[in-house]
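Student: Given only the sequences and the hints, what does the whole structure look like? Please build it.
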Amino acid sequence: MDEMTDDRDLEELFGAGRAALPPDRLLQRITAEGRALQPRPGGPAPVAAPGRRRAFFEAFGGWRMVGGLTASVAAGFWLGLADPGGYVAALGAGETVELLPGADAGFAAIFGES
Amino acid sequence: MAALDQRPGAADEDLLAAYAAGDPAAPRRMTERFAPLAYRLALRMLADAAEAEDVAQEAMIRLFKAAPGWRPGGAKVTSWLYRVSANLATDRSRRRRGVPLDEAAELADGAPSAEARLTERARAEALDRALALLPERQRLALVLRHIEGLANPEIAAIMEIGTEAVESLTARGKRALRAALAGERLALGFEDG
Chain P
1 MDEMTDDRDL
11 EELFGAGRAA
21 LPPDRLLQRI
31 TAEGRALQPR
41 PGGPAPVAAP
51 GRRRAFFEAF
61 GGWRMVGGLT
71 ASVAAGFWLG
81 LADPGGYVAA
91 LGAGETVELL
101 PGADAGFAAI
111 FGES
Chain R
1 MAALDQRPGA
11 ADEDLLAAYA
21 AGDPAAPRRM
31 TERFAPLAYR
41 LALRMLADAA
51 EAEDVAQEAM
61 IRLFKAAPGW
71 RPGGAKVTSW
81 LYRVSANLAT
91 DRSRRRRGVP
101 LDEAAELADG
111 APSAEARLTE
121 RARAEALDRA
131 LALLPERQRL
141 ALVLRHIEGL
151 ANPEIAAIME
161 IGTEAVESLT
171 ARGKRALRAA
181 LAGERLALGF
191 EDG
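As they're listed, the protein sequences go chains P and R. Reading the first sequence from the start, the letters are residues 1 to 114 in the working numbering. Reading the second sequence from the start, the letters are residues 1 to 193 in the working numbering.
Since the hints were made in silico from the structure, they are not lab data. Fair warning: this is a prediction, and the values are worked out from it, not measured in the lab. Some hints here could point you the wrong way.
[As the list claims (entries may be wrong)] These stretches of chain R come out as covered by chain P in the derived footprint (C-beta under 8 Å, 3 or more residues): (1) 35-42; (2) 59-67.
[Claimed, not checked] These stretches of chain R come out as covered by chain P in the derived footprint (C-beta under 8 Å, 3 or more residues): (3) 75-85; (4) 120-126; (5) 150-159.
[Said to hold, decoys possible] Only part of the chain P face toward chain R is listed, based on derived beta-carbon distances under 7 Å: (6) Leu13; (7) Gly17; (8) Pro22; (9) Leu27; (10) Thr31; (11) Leu37; (12) Arg40; (13) Ala74.
Glycine is no exception: its CB is placed at the ideal position from the N, C-alpha and C atoms.
Tutor: Listed below in structure tokens is the structure:
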């Protein structure tokens with residue numbers, strides 16, 4: 001009979017599979033990796049990667065910067081709405097404000113407009 | 001005096017805790033304890049010694065990284081390692097083309113003669129050839145059950161299936177192995193009959 005029907009034979013075959021040992025060079029490599037990755041006693045705690053919220057704030061310079069930016073935006077918004085000093089009214093609706101007096105004459109001189 | 005922890009796998013958890021605490025002997029002890037498991041499983045799954053080394057190294061790196069955050073009483077360390085190794089081996093198996101076993105794994109010492117060692121090697125190679133013919137799940141179940149010697153419930157946990165499915169996989173796998181090896185019985189040193 002030429003068929004492996006005997007469980008005992010199969011078990012011996014599995015035994016050959018169990019006999020495999022990892023080579024020493026692999027064990028040395030893995031041990032070295034383990035030493036490199038091992039936490040040091042009393043050393044700094046591993047730094048966790050920042051979360052998404054923290055990363056967002058850090059992109060704008062941290063909590064203090066974001067706080068200052070928020071306060072500035074809020075103040076500007078309030079000034080725009082409440083106009084406590086009457087700046088908007090003082091300008092007058094529909095009036096033109098010349099930020100650079102005489103600039104038109106200068107441009108005309110440069111570009112030769114009559 | 002603290003009571004000795006009798007839970008299965010408690011000693012493995014202690015080893016991970018020693019590693020996390022900076023015990024200088026722990027990397028070597030962890031390697032000696034766990035790397036052979038990962039290597040054997042990968043070798044039988046892939047039938048390629050170089051690839052088995054890569055899988056064992058990657059699985060161990062993951063274990064070293066997981067050690068500081070290991071929760072005592074949670075997953076069994078060896079089950080976790082088997083699962084990681086099996087996943088890594090399966091990924092490689094799916095990526096690669098069929099590579100023959102070009103470098104026989106070192107065999108454990110203790111073989112009484114060169115002839116016996118050759119027989120052992122021939123059997124290991126025949127086992128790999130036959131295992132390579134099986135579907136992945138059957139192969140993994142057989143390796144965990146008959147080479148690593150795990151109980152069905154642990155295999156079920158590693159493979160994330162029921163114990164009945166494990167029994168079915170191993171039974172079908174053994175039948176397929178017998179058929180695959182039918183013509184090699186005498187060549188492998190088994191008595192005829």
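Student: Which of the numbered hints above does this structure break?
Tutor: 3, 5 and 13
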